[in-house]
Amino acid sequence: MQKVRGLVIKRAGELLSDGTVTRVLGYKCGDFFYDVTPAFFESADQLSDLEYGSFCGANLSKYLINACKDQKEGKILVLLKPCDTYSFNQLLTEHRIDRDKIYVIGVGCKGMLDIEKLKAMGFKGITKVLDNGDELDIKTIYGDKKCKRADALLEKCVCCKGKDFKAFDEVIDVEEPGEKGADRFEGVALLENMTSEERFAFWNNELSKCIRCNACRNVCPACSCMKCVFDNPVSGAAGKVNSNSFEEKMFHIIRAFHVAGRCTDCGECSRVCPQGIPLHLLNRKFIKDIDELYGDYQAGEEVGSRAPLVNFTFDDAEPSIVHERGNE
Amino acid sequence: MSCNCGTPVDKLIPQTVKVVSIRQDTPDVKTFRVVALEGEELFDHMPGQCAMLTVPGVGEAMFSITSSPTEKGYKDFSIKRCGLLTDYLHSMEAGEEVCVRGPYGKPFPVDTEFKGKDLLFIAGGIGLAPLHSVINYVRANRENYGKIDILYGSRSKDDLVDFDEIENEWLKEEGINVYLTIDREQEGWDGHVGFVPSYLKELDFPPTSTAVICGPPIMIKFVLQALIEMGFEKTQVYTTLELKMKCGIGKCGRCNIGSKYVCKDGPVFRCDEIDELPNEY
Amino acid sequence: MYTIEKSKLSDLFGAISASCELYLPVKKAGQNNFTKYEAGTEYCDELKTVKSPKDMFFPQSENIVSFEKTDGKIKVTPDTIPTEKTVVFGVRACDVASFDVLDRVFLSEPADSFYKARRENCTVVATACSEPEESCFCSVFGIDPSEPKADVATWFVGEKLYWKALTEKGEELTKAVASVLTEENADGTVEAEKAKIKEIVKNLPLASLSLDGWDGDATEAKFDAPEWEKLSASCLGCGACTFVCPTCQCYDIRDYDTGHGIQRYRCWDSCMYNDFTMMAHGTPRPSQLQRFRQRFMHKLVYFPANNDGMYSCVGCGRCVNKCPISMNIAKVIKAFGGDKS
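Chains as they are written, first to last, in our numbering: chain F, 1 to 328; chain S, 1 to 281; chain H, 1 to 341.
Check the hints yourself; a few may be wrong.
[Claimed, not checked] For the chain H half of the interface with chain F, some residues (derived, Cβ under 8 Å), not all of them:
hint, residue
1, K28
2, L206
3, A207
4, A240
5, V320
6, S326
7, M327
No wet-lab data here; the hints were simulated from the structure. Small disclaimer: the values here were computed from a predicted structure and weren't measured. Every residue gets a Cβ at the ideal spot worked out from N, C-alpha and C, and that includes glycine.
Using the sequences and the hints, build the whole thing.
If you want it as C-alpha cells, here you go:
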C-alpha cells in the first residue's frame with residue numbers, strides 16, 4: 001500500500017504542477033492508521049499529508065456534488081476505487097456532477113479493511129495495522145496480534161463488484177487482480193428464507209438501535225436531494241427522533257425505496273452506521289428483486305443507463321406480482 | 001400535577017389562556033390580548049421580555065410581550081403574519097384559547113440604566129412591538145425619566161402598528177415627541193417620507209439620550225451607523241436580537257451565539273455586548 | 001470494600017433490580033448499549049457503549065406535555081415527572097464526569113424537572129477502565145479512569161468485582177445488596193489495579209493533547225481562524241458525533257398528532273444539522289463550516305466561559321470511533337497546535 005500511496009502522491013503532484021487539476025480529493029492521514037479523513041489538497045506540498053492505505057474505504061464520489069458547484073477554478077482530481085466508479089457514473093447519470101470538471105484516477109484495490117471488524121474480534125487499543133498480504137500484523141497497547149486479512153474486510157469488499165473501473169481518466173494499479181467477491185445476495189436469501197415473524201424480529205432488533213443520526217443518508221451518494229423530506233418541517237415527516245417505535249423503520253424503509261434502482265450497492269450506509277445496522281441488506285433486497293423482475297441491472301455500470309424502475313418495456317412484470325409476492 | 005393551577009411542573013409546560021380580543025393593527029399585524037382562565041393567574045413580566053405561545057398541533061414560538069407590566073391582568077402580543085403559526089393565530093377569533101409560557105429573557109434595564117435618562121426610541125415596522133411595552137412602562141412612570149423621543153417608521157401609513165394609540169395618546173402627551181415616517185409617498189399622509197436611518201440623521205438628536213432600537217436587521221445596522229456618526233457611544237444603545245427558540249431557558253442550545261443564549265441572556269443587548277459576539281446573527 | 005465473584009454477577013444484578021430498575025451495558029445485535037436489566041441479561045464488559053449513558057437522565061426522546069382540544073377548550077396535561085428509582089451499572093469515569101457537564105445545563109436555574117428527578121432517583125455505579133483504548137483521552141480533562149467518582153466505584157480484577165461505596169446513595173445501595181457481597185480488605189489489590197491503569201493512561205497516544213489556548217476567552221483567537229475550513233471540509237453534517245457524545249445536550253421540542261390529541265415531546269438535536277439555528281430570514285449558519293465550528297467552539301470556549309472553565313468534553317473518544325469521516329475533537333485540538341508530544 002505504501003507503494004500505491006507513493007504513486008498516487010507523485011502523479012497527483014504532477015497533475016497539480018502542470019495545471020491539469022487545481023485540487024485533489026483524497027484522504028488525509030489521521031492520528032492512527034485507520035482514521036483517514038476525506039480531504040482536498042490544493043498544492044503539491046500539501047500532498048505529504050495524503051494517505052492511501054487499507055483503511056481508505058470511504059467513497060469520495062458524493063463530495064464531487066458540492067465541489068462541482070463551488071466557484072473554484074480548474075479541475076478536481078478524485079481518487080476512486082473500482083466500486084466507487086459506479087457511484088460516480090450514477091451521479092453523472094443523475095446530472096449531479098459535471099464530468100468536465102473532474103479528473104478521475106482509478107486506484108486499484110484488493111479490498112479495504114474495517115476497524116469495527118477488528119474490534120469485534122476482540123483486539124483492544126489498536127494503534128497500527130501492518131498489511132502483509134494475506135495476514136495483518138496488529139499492534140495494540142496490549143501487545144501484538146495477527147489475523148487473516150480476509151476476516152477484516154469491509155462488508156462491501158467481501159462482496160466486491162470486481163476490479164474493473166467503470167470510469168477513469170487514468171489508472172494506478174499495482175495490485176494483483178483479485179477475484180470477484182462472495183455472492184452479495186447470500187444475506188438477502190437468508191432473510192427471504194425466514195418466516196415473516198422471524199424477519200420482522202430481525203429488523204426490529206437491528207433497527208431499534210438506530211439513533212437517527214442521519215449518517216447513512218448523508219453519506220449515501222444516491223441521497224442527493226437538496227432538501228430531504230425528513231428535514232422538512234412542513235412535510236409532517238420531519239422526525240429527528242422516533243416519536244413511536246415504528247418511525248425509525250419507516251425512515252429506513254422509505255430511504256431504501258427512494259434509492260431503489262439508483263443504489264449502486266456501494267455499502268457506505270452500513271460502513272458509517274455507528275450502531276452497525278446492516279442497512280445494505282435492505283438495498284440488496286431491492287436490487288435482487290429488480291434483477292429478478294426486470295432482468296439483471298447494475299446501477300452506475302454505464303452513464304445514462306435507464307434503470308428498470310424508470311423505464312417501460314412490454315416484458316415488465318405485472319404490478320400484481322407485488323401483491324402475490326407480498327403473500328409469500 | 002395539572003399545570004393549570006398556576007405552578008407548572010416545569011418551565012417547559014405552558015398554561016391555557018383565553019384570547020379576549022384581537023385588534024387588526026395593519027394589514028398583516030394583529031394584536032392579541034390574552035387573560036388567564038378563571039381562578040388562575042398569569043405570570044408577571046418586565047418590558048422587553050418574551051413569552052412562548054402555543055397553538056397545539058400547529059406550533060410554538062417566542063413573541064415579545066407588547067403590553068406594559070403596568071397594565072395588569074392581561075398580556076398583549078402584536079404579531080405579524082409570516083408563517084404557519086402566525087397564519088393560524090391570524091385566523092383565530094376572540095374567545096378562543098391558546099397556551100402560553102414565560103416570561104423569558106432579560107428585560108430592558110428600565111429601573112436601572114434607563115432611570116433618569118433621556119430616552120430615544122427608534123423602531124421600524126413590527127419592531128415597535130417590543131418597544132411598545134417599554135414606552136408605556138416609561139409613560140406610566142414618567143417621573144423617573146427625562147425627555148422621550150420616539151422615531152417610528154414603516155412601509156406605509158397602514159403598516160404603522162398601534163397608529164391609533166400613537167395618535168390619540170402618545171402624540172398628545174407632554175414631554176414625548178413622536179416622529180413618524182413612511183417609506184413612500186402616500187395619499188392622506190402629510191408627514192415625513194423616507195427611511196428611518198436617514199430621518200434619524202435629519203433629526204440630529206444630541207448624543208445625550210439612551211437609544212433603544214428595534215426593527216429589521218438592515219434598519220438596525222444603518223440606524224446604529226447613524227447613531228455612531230451622531231456621536232452616540234455603543235454603550236448608550238440597546239437593541240434586541242431575534243432567533244427561533246425552543247426552550248426559552250438557555251438549555252436547548254439553538255439560540256446560542258458565542259457564550260450567550262439569546263433567550264436567556266437577551267433578547268435585549270447593549271450594542272457593545274453584541275460587538276463581543278461572533279458574527280453569527 | 002466488598003467483593004463478588006464475576007461468575008456471580010447475575011446475583012448482584014438480581015439483587016439490585018429487586019428494588020429498582022437497573023441499566024447496564026448489554027450487547028444487542030452486535031452493539032454495546034446501556035439497556036434495562038431483565039433476568040438473564042448479560043453484562044457486556046467492552047470498554048465503550050455506542051451511546052453514552054446520558055439517556056438515563058436525558059432520553060433521546062421524551063414526552064413532556066399533551067394537549068387536548070374539545071369545544072374550543074384546551075386541556076394541558078404535563079407528562080408525569082418520573083419517580084422510578086434507578087441504578088446504572090458499569091459507567092466509565094469519563095461518562096460519570098459527563099454528568100457534571102449535563103448538570104451544569106439542566107440543573108442550573110430554572111432546573112429541568114424531568115432531568116432533575118431522573119438524576120436524583122438514580123444511583124450511579126462506576127467501573128474503572130482496566131483496559132483503556134487508543135481513542136481515550138479523558139486524562140486531558142483531568143479525569144482518572146482508575147478511580148471513577150460516582151456513588152459506587154467498582155473494579156474488575158481477576159475473577160472478582162471490587163465494590164466501594166463513595167456517597168450516601170452508594171452506601172444505601174450497598175446495604176440493599178449486602179447479602180450478595182462479601183466484605184473483604186482488598187485495598188492492596190485495588191491500589192495495584194489503579195496503579196496499573198494510571199500507567200497505561202499516561203502512555204495513551206492521545207494523552208499528549210493540550211488544551212492550552214482553549215478557554216472561555218478564546219472566541220476572538222479561535223473563531224476566525226483559518227483551520228476551520230480544512231477541518232470541516234468533508235463533514236457530512238450528520239449527527240453521529242452529537243448523538244454518541246456524552247456531553248452534547250441540545251434538544252428540539254416537537255408536537256406529534258396522536259390522533260386524539262397533541263403530544264409534545266423533546267428529542268436530541270444536533271448543531272450539525274442545517275435547520276438547528278434559525279432566524280426569521282433563515283439560518284445564520286448557512287455553511288457546514290459554521291455549524292462544525294459552533295460545535296467545537298461551544299465545547300471548548302463558550303461552555304467554559306459560562307461554567308467556570310469546565311469543558312464540555314470528557315475525552316471518551318466516541319467521536320474518534322464513530323465519525324463516518326474520522327473527524328473529531330482530538331483532531332480539532334491538534335490542528336490548533338494542541339499537542340505536547
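Hints, verified against the model:
1. K28: holds, 7 Å
2. L206: holds, 7 Å
3. A207: violated, 11 Å
4. A240: holds, 4 Å
5. V320: holds, 7 Å
6. S326: holds, 4 Å
7. M327: Interface hint status for H:M327: holds (5 Å vs cutoff 8 Å).
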